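First to last, the protein sequences are chains A and B.
Residue numbers for the first sequence, in our numbering: 17 to 495.
Residue numbers for the second sequence, in our numbering: 17 to 495.
Misleading hints may appear alongside valid ones.
Since the list gives no way to pick out one identical chain from another, each pair is judged satisfied if it fits inside one copy or across any two copies.
Subject to a maximum C-alpha distance of 27 angstroms in a straight line, what follows is the list of computed DSS-like cross-link-like pairs (lysine-lysine) [as the list claims (entries may be wrong)]:
(1) Lys457 - Lys137
(2) Lys236 - Lys433
(3) Lys211 - Lys457
(4) Lys457 - Lys385
(5) Lys66 - Lys299
(6) Lys74 - Lys299
(7) Lys351 - Lys483
(8) Lys454 - Lys388
(9) Lys299 - Lys351
(10) Lys66 - Lys457
(11) Lys388 - Lys487
(12) Lys312 - Lys483
(13) Lys236 - Lys74
(14) Lys137 - Lys292
(15) Lys388 - Lys66
For the record, the hints were derived by calculation from the structure and aren't laboratory data.
Here the structure is a predicted model, which is why all the values come from computation and not from measurement.
Number of protein chains: 2
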Amino acid sequence: MSNQPLPSPTQDFSAWYNDIVYRADLCDQSPVRGCIIIKPYGYEIWEGIKGALDMRFKATGHVNAYFPLFIPMSYLQREAQHVEGFSPELAIVTIGGGETLAEPLVVRPTSETIIGESFAKWIQSYRDLPLLMNQWANVVRWEMRTRPFLRTAEFLWQEGHTAHATHDEAEEETLQMLDVYADVAVNVAAIPVIKGLKAESEKFAGALRTYSIEAMMGDKKALQSGTSHNLGQNFAKAFNIQYLDRSNQLQHCWTTSWGLSTRMVGAVIMAHGDEKGLRLPPKLAPHQVVIVPIYKTDDEKSGVMAAVESIKKQLVSGNIRVWVDRREDLSPGFKYNDWEMRGVPVRLEVGPKDVANNVVMAARRDMGKEGKRSLPQENLAASVSALLDEIQANLLAQATAFRDANIFDVKTYDELKQVVEAGGFARGWYAGDSSDDKRIKNDTQATHRCFPLEQPGGGGECLLTGKQAEKLALFAKAY
Amino acid sequence: MSNQPLPSPTQDFSAWYNDIVYRADLCDQSPVRGCIIIKPYGYEIWEGIKGALDMRFKATGHVNAYFPLFIPMSYLQREAQHVEGFSPELAIVTIGGGETLAEPLVVRPTSETIIGESFAKWIQSYRDLPLLMNQWANVVRWEMRTRPFLRTAEFLWQEGHTAHATHDEAEEETLQMLDVYADVAVNVAAIPVIKGLKAESEKFAGALRTYSIEAMMGDKKALQSGTSHNLGQNFAKAFNIQYLDRSNQLQHCWTTSWGLSTRMVGAVIMAHGDEKGLRLPPKLAPHQVVIVPIYKTDDEKSGVMAAVESIKKQLVSGNIRVWVDRREDLSPGFKYNDWEMRGVPVRLEVGPKDVANNVVMAARRDMGKEGKRSLPQENLAASVSALLDEIQANLLAQATAFRDANIFDVKTYDELKQVVEAGGFARGWYAGDSSDDKRIKNDTQATHRCFPLEQPGGGGECLLTGKQAEKLALFAKAY
Chain A
17 MSNQPLPSPT QDFSAWYNDI VYRADLCDQS PVRGCIIIKP YGYEIWEGIK GALDMRFKAT
77 GHVNAYFPLF IPMSYLQREA QHVEGFSPEL AIVTIGGGET LAEPLVVRPT SETIIGESFA
137 KWIQSYRDLP LLMNQWANVV RWEMRTRPFL RTAEFLWQEG HTAHATHDEA EEETLQMLDV
197 YADVAVNVAA IPVIKGLKAE SEKFAGALRT YSIEAMMGDK KALQSGTSHN LGQNFAKAFN
257 IQYLDRSNQL QHCWTTSWGL STRMVGAVIM AHGDEKGLRL PPKLAPHQVV IVPIYKTDDE
317 KSGVMAAVES IKKQLVSGNI RVWVDRREDL SPGFKYNDWE MRGVPVRLEV GPKDVANNVV
377 MAARRDMGKE GKRSLPQENL AASVSALLDE IQANLLAQAT AFRDANIFDV KTYDELKQVV
437 EAGGFARGWY AGDSSDDKRI KNDTQATHRC FPLEQPGGGG ECLLTGKQAE KLALFAKAY
Chain B
17 MSNQPLPSPT QDFSAWYNDI VYRADLCDQS PVRGCIIIKP YGYEIWEGIK GALDMRFKAT
77 GHVNAYFPLF IPMSYLQREA QHVEGFSPEL AIVTIGGGET LAEPLVVRPT SETIIGESFA
137 KWIQSYRDLP LLMNQWANVV RWEMRTRPFL RTAEFLWQEG HTAHATHDEA EEETLQMLDV
197 YADVAVNVAA IPVIKGLKAE SEKFAGALRT YSIEAMMGDK KALQSGTSHN LGQNFAKAFN
257 IQYLDRSNQL QHCWTTSWGL STRMVGAVIM AHGDEKGLRL PPKLAPHQVV IVPIYKTDDE
317 KSGVMAAVES IKKQLVSGNI RVWVDRREDL SPGFKYNDWE MRGVPVRLEV GPKDVANNVV
377 MAARRDMGKE GKRSLPQENL AASVSALLDE IQANLLAQAT AFRDANIFDV KTYDELKQVV
437 EAGGFARGWY AGDSSDDKRI KNDTQATHRC FPLEQPGGGG ECLLTGKQAE KLALFAKAY
């Protein structure tokens with residue numbers, strides 16, 4: 017709650033981020049390496065994301081289940097690419113109830129393997145398909161370099177796991193869930209995203225194809241915000257997930273998995289935050305409105321607080337999430353800064369004059385002084401709701417304009433290097449393979465983000481190899 | 017989905033329970049010792065309990081947060097009784113990212129210690145109090161004998177953690193949360209509970225006082241269904257949780273913790289189930305209503321299914337959770353048994369005659385054939401809602417009557433033994449200490465469940481020691 021200014025996001029985005037997560041009370045450091053404590057204000061943002069996703073998962077026919085935290089080591093080893101992908105990152109339980117375990121247990125880095133084993137048991141015939149499940153869980157990946165929300169050893173996420181009769185149905189599911197992620201990113205978190213296909217070099221360990229949503233952060237770097245994998249028959253073959261088809265033939269299933277994590281909280285911070293702190297989209301803001309009472313004398317106080325109570329009541333009954341800042345020992349100015357730091361979309365100031373005139377002064381977090389206006393107390397819930405809708409739309413519009421202004425079409429490797437150097441996404445025709453991706457990464461620190469699903473059609477000369485390319489690819493430095 | 021009858025709950029309750037959890041599709045065995053897979057139908061019951069609790073936690077001023085899964089071993093050791101209580105049950109991570117850890121990490125059995133450390137950091141003065149937090153999490157206790165939902169190595173729960181300025185405020189919080197648990201047990205899960213104070217021999221490792229809600233299961237054994245602890249200053253002293261009071265003196269806080277787990281799903285099964293399977297209270301039932309269409313010819317089918325769709329729509333718009341059993345290859349009779357096994361409160365049968373007469377046949381899971389009645393399709397949402405309310409009330413009434421008929425007042429140790437032997441709760445004046453509790457347990461397998469909060473006053477002769485006793489105690493065999 018210091019009133020020191022934040023580091024400038026344009027000068028040192030990384031320092032700005034590292035400061036804001038603590039100053040806005042989203043999280044705290046923990047005594048466990050690479051793990052954070054998600055504080056209530058940060059957790060409530062996650063609850064908002066979770067609720068928005070869960071509703072959409074259920075509407076598309078998925079059900080929630082819960083599988084064990086621990087996975088026998090041998091399970092991970094059954095799918096060759098999978099174990100290779102995760103081995104360096106595992107946390108392993110070797111002692112239980114005072115005794116050394118015969119088979120060590122891995123703390124799940126993801127649950128494809130243990131869920132695959134169950135699917136094999138539960139699926140007998142085509143009648144059992146599709147099987148559409150989701151799990152809300154914590155997972156652990158022993159990351160070497162961690163950052164709050166973006167990369168932590170333990171994180172919270174959901175992992176969807178489904179099984180289908182055909183490749184095409186699995187592909188349809190994979191893309192449907194990618195759409196769900198994009199819907200939540202755009203329409204709830206107000207973050208524009210690019211849906212795309214991951215390159216071979218960047219796909220999930222064991223997947224046939226990985227899709228992702230890629231967002232641009234305030235420093236013009238990319239953040240992969242959710243992934244959806246068509247696992248083909250790889251896990252079905254490793255775990256014997258088979259079904260009898262209509263002609264009584266045994267077939268391997270086609271499976272998918274898809275996940276979105278507390279990393280999304282980091283995306284919200286970095287897509288919308290500014291030099292004053294967080295800016296939360298109203299749909300995710302724990303407090304959509306904060307009321308700051310202003311008074312000097314006890315007399316003023318009683319009039320102001322009575323008005324504040326009645327305003328609060330009005331807003332609450334309009335389903336608006338309101339917080340009254342009743343702190344006695346802090347000045348209004350300090351409180352303004354504090355709530356700006358925490359990104360509350362609308363601040364209502366209520367002083368003796370406002371009470372006398374039956375108005376409140378409303379300030380928008382997404383605008384400066386020019387956004388301030390006096391609102392009648394009458395029908396305040398409706399006018400504040402409208403204001404919240406405007407702010408939600410404006411944050412999305414600002415983030416979209418910023419992103420679009422920072423995607424550059426490149427024709428040559430030199431152009432790509434210039435874009436990456438200056439900051440932004442480089443988009444160009446590309447026919448490179450995994451070793452080319454690697455070369456670009458080594459040269460420029462930019463990674464092959466995706467082949468966007470939206471393509472202009474036609475083709476062009478590959479920016480790197482000069483070969484004929486059929487797809488545009490996106491390159492950027494990324495989190 | 018076998019149609020074999022269940023083992024009789026009156027003859028072998030344990031076999032009945034072990035069968036029903038799988039047959040009703042609540043959970044499955046897992047490849048990990050002592051861990052279960054919570055299947056969607058079981059998980060949705062937990063989601064119902066979770067939602068009911070979370071709403072009440074928030075209404076009483078608590079906020080959710082998330083703390084790390086792993087706890088440094090040294091933290092557990094700071095509170096002497098606490099480490100002693102949990103040591104035999106710990107799962108320990110010794111390897112992370114391919115390397116042996118300098119300090120092993122414990123997979124949390126509960127989070128008092130790591131949360132205590134944070135509270136010490138966050139609390140400075142009386143202005144920061146009370147601090148009211150809750151966490152939804154998985155925890156691990158390496159239990160030797162496990163049973164689905166009742167006792168598993170990993171389970172899901174919530175753990176509330178709060179800090180207060182005084183003993184009395186902590187005590188008030190402890191009792192308030194006990195009331196919240198009782199409210200959810202009685203008014204959501206339809207399980208009558210006895211609120212009580214745990215004896216010294218049964219309290220939480222490190223607590224000043226532990227309170228619990230105790231429920232009676234169908235075999236007349238007790239199930240502790242939620243606990244609330246006044247931790248006194250034990251953890252505050254172990255973790256230096258201190259605050260400056262109004263006169264600027266440094267004081268240790270008084271803390272509480274309280275938890276309710278997926279064990280409650282086991283309570284629902286065992287409090288309401290019967291020889292045909294589960295009986296779910298409507299407020300927790302994933303499907304409150306199942307519709308079974310009945311037809312023979314294609315012609316009949318099209319008329320019936322059209323009616324079924326319109327009935328479903330009507331119920332859904334009345335906020336009733338409905339499932340249509342569209343399975344083609346199963347007889348209505350098989351489906352009736354199947355949904356009785358899964359405890360769906362109301363079954364609606366829709367055949368050609370019902371369609372012709374604009375009615376449906378409604379069967380109640382809490383009653384036999386005498387409960388069947390024909391309902392007009394007009395205003396069906398209202399009549400079914402009323403029926404669900406009746407069923408909810410009836411399950412609570414039945415469980416209450418059963419429990420009250422099986423609590424026996426005892427004056428002597430012999431009487432206690434007889435009650436415990438025959439089955440039921442024995443209630444009597446008691447002035448014994450921990451070693452007396454132990455003796456009773458060794459002799460009878462019954463444990464000292466609690467001193468009920470509701471006491472008649474006065475006193476009497478201790479059933480065991482003959483000393484003057486001021487409180488009635490409750491003894492029973494327990495899960």
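Here is how each hint holds up against the structure:
For a Cα distance limit of 27 angstroms, the shortest separation of Lys457 from Lys137 qualifies neither inside one copy, at 43 angstroms, nor across copies, at 42 angstroms. Only within a single protomer do Lys236 and Lys433 lie at most 27 angstroms apart by alpha-carbon distance; the minimum there is 14 angstroms, versus 75 angstroms between protomers. Taking the shortest alpha-carbon separations for Lys211 and Lys457, only the intra-copy value of 21 angstroms comes in at or below 27 angstroms, while the best inter-copy value is 63 angstroms. For the identical chains of this complex, Lys457 and Lys385 are neighbours neither inside a copy (43 angstroms) nor across copies (72 angstroms), given an alpha-carbon limit of 27 angstroms.
Both within a single protomer and between protomers do Lys66 and Lys299 lie at most 27 angstroms apart by alpha-carbon distance, with minima of 12 angstroms and 23 angstroms respectively. Proximity of Lys74 and Lys299 under a CA criterion of 27 angstroms is satisfied in both settings, with 20 angstroms inside one chain copy and 19 angstroms between copies. For a Cα distance limit of 27 angstroms, the shortest separation of Lys351 from Lys483 qualifies neither inside one copy, at 59 angstroms, nor across copies, at 62 angstroms. Taking the shortest alpha-carbon separations for Lys454 and Lys388, neither the intra-copy value of 50 angstroms nor the inter-copy value of 70 angstroms comes in at or below 27 angstroms.
With identical chains, the CA atoms of Lys299 and Lys351 are at most 27 angstroms apart within one copy only, with a shortest distance of 22 angstroms there and 43 angstroms across copies. When the C-alpha separation of Lys66 and Lys457 is checked against a cutoff of 27 angstroms, the pair qualifies neither within a copy, at 33 angstroms, nor between copies, at 46 angstroms. Taking the shortest Cα distances, Lys388 and Lys487 never come within 27 angstroms of each other, neither inside one copy (47 angstroms) nor across copies (64 angstroms). For a Cα distance limit of 27 angstroms, the shortest separation of Lys312 from Lys483 qualifies neither inside one copy, at 74 angstroms, nor across copies, at 64 angstroms.
Taking the shortest Cα distances, Lys236 and Lys74 never come within 27 angstroms of each other, neither inside one copy (34 angstroms) nor across copies (38 angstroms). Proximity of Lys137 to Lys292 under the C-alpha cut-off of 27 angstroms is restricted to the inter-copy arrangement: shortest distance 25 angstroms between copies versus 54 angstroms within a copy. Taking the shortest Cα distances, Lys388 and Lys66 never come within 27 angstroms of each other, neither inside one copy (32 angstroms) nor across copies (41 angstroms).
In this structure, the earlier hints numbered 1, 4, 7, 8, 10, 11, 12, 13, 15 are contradicted, and the remaining ones agree with it.
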